[in-house]
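*Asks:* Sequence:
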Amino acid sequence: MEDENIVEMYLARNEDAIKQTASKYGSRLRRISYGITEDNGTSEECENDTYLTAWNLIPPNEPRTYLFAFLAGIVRHISIDRCREKSALKRSGYVSELSEELLTCLPSSETVEQSLDEKELGKTISRFLHTQSKEKRIMFMRRYFYMDSVSEIAQKMSFGESKVKTTLYRMRNDLREYLIREGYVL
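Mapping of the sequence shown onto the working numbering: residues 2 to 187, in sequence order.
Hints are computed from structural coordinates only; laboratory data are not their basis. Remember, predicted model here, so these are calculated numbers, not experimental data. What you were told as hints is all true, and nothing was included just to trick you.
Think about it this way: if two alpha-carbon atoms lie no more than 27 Å apart in a straight line, the pair counts; the simulated BS3-like pairs of lysine-lysine are:
{"hint": "1", "residue 1": "137", "residue 2": "157"}
{"hint": "2", "residue 1": "135", "residue 2": "164"}
{"hint": "3", "residue 1": "25", "residue 2": "157"}
{"hint": "4", "residue 1": "166", "residue 2": "124"}
{"hint": "5", "residue 1": "166", "residue 2": "137"}
{"hint": "6", "residue 1": "135", "residue 2": "120"}
{"hint": "7", "residue 1": "157", "residue 2": "135"}
{"hint": "8", "residue 1": "120", "residue 2": "137"}
{"hint": "9", "residue 1": "135", "residue 2": "124"}
{"hint": "10", "residue 1": "124", "residue 2": "137"}
{"hint": "11", "residue 1": "25", "residue 2": "135"}
{"hint": "12", "residue 1": "166", "residue 2": "135"}
Now the in silico label distances, taken between C-beta atoms and shown as ranges:
{"hint": "13", "residue 1": "136", "residue 2": "42", "range": "26 to 36 Å"}
{"hint": "14", "residue 1": "181", "residue 2": "15", "range": "41 to 51 Å"}
{"hint": "15", "residue 1": "122", "residue 2": "161", "range": "28 to 38 Å"}
{"hint": "16", "residue 1": "67", "residue 2": "182", "range": "19 to 29 Å"}
{"hint": "17", "residue 1": "24", "residue 2": "63", "range": "18 to 28 Å"}
For each residue, glycine too, the CB sits at the ideal point set by N, CA and C.
Let the hints inform the model, and build the full structure from the sequences given.
*Replies:* This is the structure in structure tokens:
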């Protein structure tokens, strides 16, 4: 079933929307969640919580052309929150490691103005990613959105780990320079 039809079902408050969503995207959502929580049971709970959250967010949102991205963002946030709640130290350490990698190129949000500007920052990062090759965009998203390890990315993309590390390092530096040119104070 097409995403637009699924969204129409949500808008009509038809409970089959959840079944269709689970059928089409359930395994992918669980995989995102498992990549963060490293627990099958927790990833299934996060998947189910994602359907409830989507039910509550559609309407007013109407993600007709970006349903999977909409759901992926929800499951990612729920999974990270679940890790924080359960104090999953190993995975929390990993999330902290990823955060530290990006700290060198992202502005801090210490002021209210900067906090309000986070959506614009997201758009700026998207513009930066669109200037990169498809291969680099995939690496960046796999690392910082799906939270894959360097070895997982290397395996999936048939590269050596050193190439993945080097590419991500250079991208972070390029992103930092791009953000400075766009007026962000780092």
